[in-house]
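Protein chains: 2
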Amino acid sequence: MTDDLLLRQVRPLGGPTADMLIRDGRIARIAPDLPAVPGVTEEPGGGAIALPGLVEAHTHLDKSLWGMGWRAHQAGPTLRDKIDTERRLRREWDIDPHRQSTRQALLSVGHGTTAIRSHVDVDTEVGLAGIEGVARTRADLANLVAIEIVAFPQSGLMSRPGTLDLMDAALRAGADVVGGLDPCGIDADPKGQLDAVFALAETHGKPIDIHLHEPGELGAFSMEMIIERTRAHGMQGRVTISHAFCLGMPDRDRARALVADLAEARIHIATVATPSRPVPLVEDLRAAGVTLCAGSDGIRDTWGPYGNADMLERAMLLGLRNNLRADRDVEHALWCCSGGGARVMGLEGHGIAEGCRADLLLVEAESVTHAVVAHPPRRLVLRGGRVVARDGHSLREAP
Amino acid sequence: MTDDLLLRQVRPLGGPTADMLIRDGRIARIAPDLPAVPGVTEEPGGGAIALPGLVEAHTHLDKSLWGMGWRAHQAGPTLRDKIDTERRLRREWDIDPHRQSTRQALLSVGHGTTAIRSHVDVDTEVGLAGIEGVARTRADLANLVAIEIVAFPQSGLMSRPGTLDLMDAALRAGADVVGGLDPCGIDADPKGQLDAVFALAETHGKPIDIHLHEPGELGAFSMEMIIERTRAHGMQGRVTISHAFCLGMPDRDRARALVADLAEARIHIATVATPSRPVPLVEDLRAAGVTLCAGSDGIRDTWGPYGNADMLERAMLLGLRNNLRADRDVEHALWCCSGGGARVMGLEGHGIAEGCRADLLLVEAESVTHAVVAHPPRRLVLRGGRVVARDGHSLREAP
Numbered sequence: 055m056t057d058d059l060l061l062r063q064v065r066p067l068g069g070p071t072a073d074m075l076i077r078d079g080r081i082a083r084i085a086p087d088l089p090a091v092p093g094v095t096e097e098p099g100g101g102a103i104a105l106p107g108l109v110e111a112h113t114h115l116d117k118s119l120w121g122m123g124w125r126a127h128q129a130g131p132t133l134r135d136k137i138d139t140e141r142r143l144r145r146e147w148d149i150d151p152h153r154q155s156t157r158q159a160l161l162s163v164g165h166g167t168t169a170i171r172s173h174v175d176v177d178t179e180v181g182l183a184g185i186e187g188v189a190r191t192r193a194d195l196a197n198l199v200a201i202e203i204v205a206f207p208q209s210g211l212m213s214r215p216g217t218l219d220l221m222d223a224a225l226r227a228g229a230d231v232v233g234g235l236d237p238c239g240i241d242a243d244p245k246g247q248l249d250a251v252f253a254l255a256e257t258h259g260k261p262i263d264i265h266l267h268e269p270g271e272l273g274a275f276s277m278e279m280i281i282e283r284t285r286a287h288g289m290q291g292r293v294t295i296s297h298a299f300c301l302g303m304p305d306r307d308r309a310r311a312l313v314a315d316l317a318e319a320r321i322h323i324a325t326v327a328t329p330s331r332p333v334p335l336v337e338d339l340r341a342a343g344v345t346l347c348a349g350s351d352g353i354r355d356t357w358g359p360y361g362n363a364d365m366l367e368r369a370m371l372l373g374l375r376n377n378l379r380a381d382r383d384v385e386h387a388l389w390c391c392s393g394g395g396a397r398v399m400g401l402e403g404h405g406i407a408e409g410c411r412a413d414l415l416l417v418e419a420e421s422v423t424h425a426v427v428a429h430p431p432r433r434l435v436l437r438g439g440r441v442v443a444r445d446g447h448s449l450r451e452a453p
Numbered sequence: 055m056t057d058d059l060l061l062r063q064v065r066p067l068g069g070p071t072a073d074m075l076i077r078d079g080r081i082a083r084i085a086p087d088l089p090a091v092p093g094v095t096e097e098p099g100g101g102a103i104a105l106p107g108l109v110e111a112h113t114h115l116d117k118s119l120w121g122m123g124w125r126a127h128q129a130g131p132t133l134r135d136k137i138d139t140e141r142r143l144r145r146e147w148d149i150d151p152h153r154q155s156t157r158q159a160l161l162s163v164g165h166g167t168t169a170i171r172s173h174v175d176v177d178t179e180v181g182l183a184g185i186e187g188v189a190r191t192r193a194d195l196a197n198l199v200a201i202e203i204v205a206f207p208q209s210g211l212m213s214r215p216g217t218l219d220l221m222d223a224a225l226r227a228g229a230d231v232v233g234g235l236d237p238c239g240i241d242a243d244p245k246g247q248l249d250a251v252f253a254l255a256e257t258h259g260k261p262i263d264i265h266l267h268e269p270g271e272l273g274a275f276s277m278e279m280i281i282e283r284t285r286a287h288g289m290q291g292r293v294t295i296s297h298a299f300c301l302g303m304p305d306r307d308r309a310r311a312l313v314a315d316l317a318e319a320r321i322h323i324a325t326v327a328t329p330s331r332p333v334p335l336v337e338d339l340r341a342a343g344v345t346l347c348a349g350s351d352g353i354r355d356t357w358g359p360y361g362n363a364d365m366l367e368r369a370m371l372l373g374l375r376n377n378l379r380a381d382r383d384v385e386h387a388l389w390c391c392s393g394g395g396a397r398v399m400g401l402e403g404h405g406i407a408e409g410c411r412a413d414l415l416l417v418e419a420e421s422v423t424h425a426v427v428a429h430p431p432r433r434l435v436l437r438g439g440r441v442v443a444r445d446g447h448s449l450r451e452a453p
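Residue numbers (the working numbering), protein chains in the order written: chain S, 55 to 453; chain L, 55 to 453.
These aren't lab readings, by the way, just hints derived from the structure by calculation.
All of these numbers come straight from a predicted model, not from anything done at the bench.
Quick reminder that beta carbons are idealized off the backbone N, C-alpha and C, glycines included.
Do not rely on the hints blindly, as some may be mistaken.
[To be verified] Negatives, chain L to chain S, calculated, CB over 10 Å: (1) Pro92; (2) Ile137; (3) Asp148; (4) Pro215; (5) Met289; (6) Gln290; (7) Arg308; (8) Ala327; (9) Arg331; (10) Gly358; (11) Ala380; (12) Gly393; (13) Ala407; (14) Ala428.
[To be verified] Take a look, some chain S residues computed to stay more than 10 Å from chain L by CB distance: (15) Phe275; (16) Gly373; (17) Glu420.
[What the hints assert, rightly or not] Partial pick of chain L residues on the chain S-facing surface, computed with a CB cut under 10 Å: (18) Leu374; (19) Glu420; (20) His447.
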């Protein structure tokens, strides 16, 4: 008995039809008309396009209400309203981080996502319960999807005493990345928060991913402080800024100068392609060589009702937000939702080529751009060479 | 034999479960546990939500490449590039207006759209071929979907001599609405184009729908000229401005003053909720009492690869673009994609209530907002009381 697999008649990255031999969790051969291998299961590809596993590079697995029945949205318009409403409803509604992260992660698996970076709340009320719950999910689903946990001080780091110790404990308890959040807007102490975040990263030898919603010059100010510390701590290539709305500021020269500095410090950007806010532009970042990854952000949670964990649909939203129309540009939007995330998460062997890890999906479409704009159900999803989803659904039942 | 129908166990507008008796193409009764009617077919609703037919209030049925095999996007970035590329590819690719409009309209029917306003090109090259092709579709599909044809001078009205006569001929040949397009940006003759458009409307007794992509103060200038003529010609309630990107200008006071004038002149706005452009804001328009309708714009055509004719998904995009999160706000976004379009098209009896036309759809969702964010396949679609689609697909086969 082996998990090796021979995929017949697939189109790698939308190219010519070929067979694909999967051995020991990797793509061993890609060629037309491969000979049958005794003992190796064959799977008909039906001419479907093979794409590398999608990467959900910014979400909140601990927050989703998926499967809990419809709940009318309650939060007010400000960021603070949403944070406070969430703190209240977390108590009232029993939003169990383990159960809910399992549900959302399996939804992702069904859509062909093979790796997830999730921010997980750490605060003085929830303590490490979120981290522990998602860490259990990470272990349970290790064969289905790679989960990276960002310890995320959602309610503030400096402004909520005790949180810094909890962040330290979260990193000792298995969080993979140090999170941060609007050092001016939430903590009103940019020096304090950013020094603390970089110190935690240094102590634990972990990368950083900071939510930066701050708009315009305020966001630019915080961003410059992050760039400065990235250089000073030798953290090039290990820092991500999520949202980075300030890069959508009207002063395009100022934004492009910031992008040039990000490129020089090898800082990555994570986007949701938020249609209602100024956002970092795909073309600016690509031209400067900044890696852009993408995510769903919260999925049907107390922050809002939207989201379905489909990163092919996210690539469409990224394309629409950036007015990308040419096939090569839409393909780049898809790369942000796959290879970009893999680079940010440091995933080895991501791609569709001999030697790559067999983290991949099959989707029936005429071209890669067609797959993005139509995002039909994934025919098959492999993770480490094993079939983990068929026809849009994870083979593992959600709780 | 009768087309009357008894829908069992549906939830009108997401409310309590009831039965719905359809007689002579109208909703005759809505009440729990209606008695069976001899000779009347019963249809199980399974607790699905019943919504009024969706209205695609801005599209281009003559342009879609749907079903023609994937074609890589060729147009350059400017509006002029897209117009010129389309003129060229229309010749090279045999984009038959009758066949393509039939395909797109049936796609709409499958998604629960019961009325479509389509702009159709009129220019010195295509002549009336587009109008005639879509008019055939309008007649062929009259029992499936109401189609309204806007004679649309895509390549310019004043700047392309001969077009004005063709517009006149198009209106005599059965076009329902007089179209226009960027009177400054395309024709560089706002007085000329707008006087001509309003004169055509007066001569033929037809309403008006003008594409206005012009941004900022340029668009505001053209909009003021449209408002002035709407008043002068007594056209209140019969003029629509499509896109109206200028209402998304940064100067919110200026935009709101324009919105107040639109309200006073009872001018409607049609939006696509374009994520990459400034757009009219749902809340501004609602507060002022301006009717907002919505559409898909072009669907997979030489202008771009996106679109699928699903107006529930469009409601989601409208919600995302406007940062609508509360259920009542998302429900309003859906109303724009349904009741708003019905009002703009002057459709009598649109709605879910006794006496309304039985133009409606059933969708399995927990709430109306859930139906918008998840937009699952439509279980059943009725048009004038007849079943026209099941499980996401029109019962009429596409050519």
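Hints, verified against the model:
no.	hint	verdict
1	Pro92	38 Å, holds
2	Ile137	14 Å, holds
3	Asp148	18 Å, holds
4	Pro215	31 Å, holds
5	Met289	33 Å, holds
6	Gln290	32 Å, holds
7	Arg308	16 Å, holds
8	Ala327	8 Å, violated
9	Arg331	8 Å, violated
10	Gly358	5 Å, violated
11	Ala380	5 Å, violated
12	Gly393	21 Å, holds
13	Ala407	23 Å, holds
14	Ala428	7 Å, violated
15	Phe275	21 Å, holds
16	Gly373	7 Å, violated
17	Glu420	4 Å, violated
18	Leu374	5 Å, holds
19	Glu420	4 Å, holds
20	His447	14 Å, violated
Of the numbered hints given earlier, the model fails hints 8, 9, 10, 11, 14, 16, 17 and 20; all others are met.
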